[in-house]
Amino acid sequence: MPSAWDVELARTIIDRHLDLEGPVLPILHALQETFGCVPRDAAPLVAEALNLSRAEVHGVISFYHDFKSAPAGRRTVKVCRAEACQAMGGEAAGRALLTALGLDWGQTTTDGAVTVEAVYCLGLCAVAPSALIDGEVHGRLDAARLVALALETGR
Amino acid sequence: MIRIFVPRDATALAVGTESVARAIETEAAARGERLEIVRTGSRGLLWLEPLVEVETDQGRIGYGPVAAADVTGLFQAGFLTGAAHPSRIGRPEDHPWLARQTRLTFARCGIVDPGSFEDYVAHGGLAGVKRALALGPAAVIEALTASGLRGRGGAGFPVGVKWKTVAEAPADRRYVVCNADEGDSGTFADRMLMEGDPFVLIEGMVIAGLAVGATKGFVYARSEYPHANATFARAIELARENGLIGPDVLGSGAAFDLELRIGAGAYVCGEETALLESLEGRRGVVRAKPPLPAHKGLFGRPTVVNNVLSLATVPWILAHGADAYAAIGVGRSRGTMPIQLAGNVRHGGLFEAPFGLTLGQIIEDIGGGTASGRPVRAVQCGGPLGAYFPPALFDTPYDYEAFAGRDGLIGHGGIVVFDDTVDMAAQARFALEFCAIESCGKCTPCRIGSVRGVEVVDRIRAGVAREANLHLLRDLCQTLKLGSLCALGGFTAYPVMSALTHFPEDFHERARPVAAE
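Quick note, the sequences are listed as chains A and B, same order. Heads up: the first sequence at position 13 corresponds to 16 in the numbering used here, and the numbers run straight through without jumps. Heads up: the second sequence at position 272 corresponds to 273 in the numbering used here, and the numbers run straight through without jumps.
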């Protein structure tokens, strides 16, 4: 479970990275690891610690697909939509999952159980189609298996 | 004690290798057999994963693909002594798919334990860096140049020339950056190497550091590769404990240390200047060149930026000599290329071979055609920015210049196979859509042209003013190609134009075969 917002905890996380060369991305990753997202209130703290403008920090956060403004669902299903998976029916499998959950790409079920995200290549291109579910990789999927895997512990 | 080798490569994990490893442990315990299970990377015969190997007096005997449910049967058949079983493939190195390869960069991958520095050294590791220390920086760079090694990330720039430029650039400090942002669909060689033989990449980076006078290196890897990152982070620790990196590299007095950095899901950060921006903590926006990163790279300092495969090939070249490497290959494409066969292909995996095979040999002989059993209709070479080749061009030799001559690129070595159910107009649309999603926004053709391109393809597919829109699409591709700073915008023209040129019928109404599933 992600931690609730905590200014002091955020400051500690930021301080831990200040010795690095180019600390912004490591800080943002660490904040997201702890809070499940990069909370809105974290940007000014990062800006202050690194002597950057808030706009610059916001610009970095919003540039990268990984950084979220709100925590994802309890289970995150990243479905590969790139060419190798397309060649093996990945699009149909992804569609089936979205239909089963009533979602579009990047959305979370209303009960907060499952988030489905598109990802462009997991490097599992020889066992396509593939997905990354809560950090675990799955290959040789079809629609039925993908839906089953996504729902298995998602509720 | 009998040793069993079970891969932990992400591809093997994706097809159930963990449950196989657990089943082997359970079964062995039940039978009172004492086993040592060694976790390795993958041999690269990915359709055979999970591929389990047993050490016998005839060598390592492979069985694959193995499911957890097969394990009891394997024990009953006597696989601990290499006995016959339907999944037995014999010694992997005798398997035709491996026997036909020339494994230089991937010589150890799938054989050694990536979590053991001792294993690395026992299998010839460190020979390259020791040779580099004996030769000295200038001779190392000379050897690299003489080897003909070109950047394996896609651009194909001579590695020795780049290193020389960095070494000669005046600076208070220099950097070595490894581009491990392997975002191209159909490629997984960087990932496999970081999971299967991480120390060879570290050794290559140390050699680069010694050669150009850099004391700090960064590996910029992907958040989409959590397993590779975990293995590599551990390898960095072990390399430091064993003195390969740190304040005194192998007792030479030279310092070089290494840090692993993780990207955040931006494809464009695979472009070297966007990568440097990202490492510095900014938006991954492409820089205009010049200045080249070799002159003004990371934090404005001279920087070697090389792909994983380029750096991981350096130790072999130094250990075996530049001539041995240059003796392999064709034309100006020297050495080997780790080709990655993916998508709808029967025998997918990593095939390291000298340049010069034809595309047809790679797809048909090595890949065995499609996994679906249907005819091959198109193959995309070189990732999402690479051209689609029809079977009519399968006589193209696999080398940088021959591919360029056919309006394509080999890129990072990925080949994605499609059968005859593919809709090439949809693939062209996807290329533009992907460009729109991943554009850093710096150049107008890429930022706006990609969005307009998707709309134009939609109009063509809907039959709206088709000829005029086809003309517009070609014109737009030309603008993308000539008007973009980096390869994302510039090369998006390749998949689109190749689809238009080789599969024009898909941009008109056509009866499309439907896959049986």
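Wrong hints could be hidden among the right ones.
To be verified - Some chain A residues near chain B, calculated using beta-carbon distances under 7 Å: (1) W8; (2) L12; (3) F66; (4) Y67; (5) W108; (6) G109; (7) E120; (8) V122; (9) L125; (10) G126; (11) L127; (12) S133; (13) I136.
If you are wondering where the hints come from, they were derived from the structure by calculation, not from laboratory data. Since the model is a prediction, treat every value here as computed from it, not as a measurement. Beta carbons: idealized from backbone N, C-alpha and C, even for Gly.
Hinted contact A/L125 with chain B - closest CB pair below 7 Å: holds, 5 Å
Taking the closest Cβ pair, is A/Y67 under 7 Å from chain B? With a closest approach of 4 Å, the A/Y67 hint holds.
Minimum Cβ distance from A/G109 to chain B below 7 Å? Hint violated; A/G109 Cβ to chain B Cβ min 11 Å, cut 7 Å.
Proposed interface contact between A/L127 and chain B, which counts if any beta carbon pair is under 7 Å: holds, 5 Å
May I ask you to test the interface hint for A/S133 with respect to chain B, counting a Cβ-Cβ separation under 7 Å as satisfied? Holds: closest Cβ of chain B sits about 6 Å from A/S133, inside 7 Å.
Regarding the hint that A/I136 lies at the interface with chain B, is the smallest CB-CB distance below 7 Å? Since the shortest Cβ distance to chain B is 11 Å, the answer is violated.
Against chain B, run the beta carbon of A/W8 and see if the smallest gap drops under 7 Å. At about 21 Å, which exceeds the 7 Å cut-off, the nearest Cβ of chain B leaves the hint on A/W8 violated.
Agreement of hint A/L12 with chain B interface, Cβ distance less than 7 Å: violated, 21 Å
Status of the A/G126 interface restraint (C-beta, 7 Å, chain B): holds, 4 Å
Measuring from the C-beta of A/E120 to each C-beta in chain B, is the shortest one below 7 Å? violated, 9 Å
Is the shortest C-beta separation between A/W108 and chain B less than 7 Å? With a minimum Cβ separation of about 11 Å from chain B (threshold 7 Å), the hint on A/W108 is violated.
Hint status (Cβ of A/F66 to nearest Cβ of chain B, threshold 7 Å): holds, 4 Å
Taken one by one, the earlier hints fail for this structure at numbers 1, 2, 5, 6, 7 and 13, listed in ascending order.
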